[in-house]
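Chemist: Spelled out from the first residue to the last, the chains are:
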Amino acid sequence: MENFTPLSALIGGSFIGLSAVIMLAGNGRIAGISGILGGAISSRGEEKRWRVLFLAGLLLATLLYQFVSSSPITIETQASPEFLVVAGLLVGFGTRLGSGCTSGHGICGIARFSKRSFVATATFMLFGFITVYVTRHLMELGI
Amino acid sequence: MSIATDHKNHESTFAHSTVALLSGLLFGLGLIISGMVNPGKVIGFLDLAGDWDPSLLFVMGGGVAVTTATFWLVLRRERPLFETKFFLPTKADLDGRLLTGAALFGIGWGVGGLCPGPAITALATLDPSVVLFVGAMLLGMVLQNLVAE
Chain A
38 MENFTPLSAL IGGSFIGLSA VIMLAGNGRI AGISGILGGA ISSRGEEKRW RVLFLAGLLL
98 ATLLYQFVSS SPITIETQAS PEFLVVAGLL VGFGTRLGSG CTSGHGICGI ARFSKRSFVA
158 TATFMLFGFI TVYVTRHLME LGI
Chain B
79 MSIATDHKNH ESTFAHSTVA LLSGLLFGLG LIISGMVNPG KVIGFLDLAG DWDPSLLFVM
139 GGGVAVTTAT FWLVLRRERP LFETKFFLPT KADLDGRLLT GAALFGIGWG VGGLCPGPAI
199 TALATLDPSV VLFVGAMLLG MVLQNLVAE
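Quick note, the sequences are listed as chains A and B, same order.
In my numbering, each residue carries its 1-based index in the first sequence increased by 37.
In my numbering, each residue carries its 1-based index in the second sequence increased by 78.
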């Protein structure tokens, strides 16, 4: 467990939780990224405005961090372009079909004691574990 | 027409917009600080049989601790600050769509190490892999929308 970073994980996690609370208390919305993103594509007018602004906030976080911090943002993708496309398609299709992702189901749904979110979170985690086991240890795809 | 709907829904467009932008900013900073924008770190968590990195569990734990401690208090109010009502999911039953969707998402997550929040946040680095992933993810969302219709 040499890569384990519990403190920054807890601090970052609290930021995410705080973001979700602000969104709920201020605008009455669930800070679920796949829902906000999907809605930003399909909705119009006022519905589109706040969604685009939330997404702009995500992008701004990276720019702000790069501006302020001396340490660069590490992004290591091991998957080949073909696998990245497959992964993207599955994540996009799956999160919309399943009404949420790690944030909407994981961070917000669990706090609302939603049965659907508990089950969804357990399901995508389980399939994530299985997939990495299969790709890394059974098939040794190197991704 | 759009102006009429604006005022029906929101009392203060400026405050509503600020909340959305700030919430997104905090969310993104949380993902960056915790290292979750890095697909390698996420895969490190999903790789139980490898050199396991439990960090993601602490990110979820930190996030869920804050939301669980506060959501019930927020939801005791009659309405949010800048909206006329709370917009909460209404479905309560488990169905095939939920399970199939979550399973497909989990597989994609395991292959790429990216989920929607980190993918959009990391998009601003213009990392080619992330750009490719986000393009495919948007296509997947549009496809799901078409199938649903």
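Note that these hints are calculated values from the structure, not bench results.
Source: prediction; values computed, not measured.
It cannot be assumed that every hint is accurate.
[As the list claims (entries may be wrong)] Think about it this way: if two alpha-carbon atoms lie no more than 27 Å apart in a straight line, the pair counts; the simulated DSS-like pairs of lysine-lysine are:
#1 B:K169 <-> A:K85
#2 B:K169 <-> A:K152
#3 B:K163 <-> A:K85
#4 A:K152 <-> B:K163
Chemist: Each hint needs a verdict: does it hold in this structure or not?
Modeler: We went through each hint and held it up to the structure:
The straight-line distance between the Cα atoms of K169 of chain B and K85 of chain A is roughly 23 Å, inside the 27 Å bound, and the hint therefore holds. Simply put, K169 of chain B and K152 of chain A have alpha-carbon atoms about 10 Å apart, close enough for the 27 Å limit, and the pair holds. Under the criterion of a C-alpha separation no larger than 27 Å, the hint pairing K163 of chain B with K85 of chain A is consistent with the structure, at around 18 Å. Proposed proximity of K152 of chain A and K163 of chain B is supported: the alpha carbons are some 22 Å apart, at most 27 Å.
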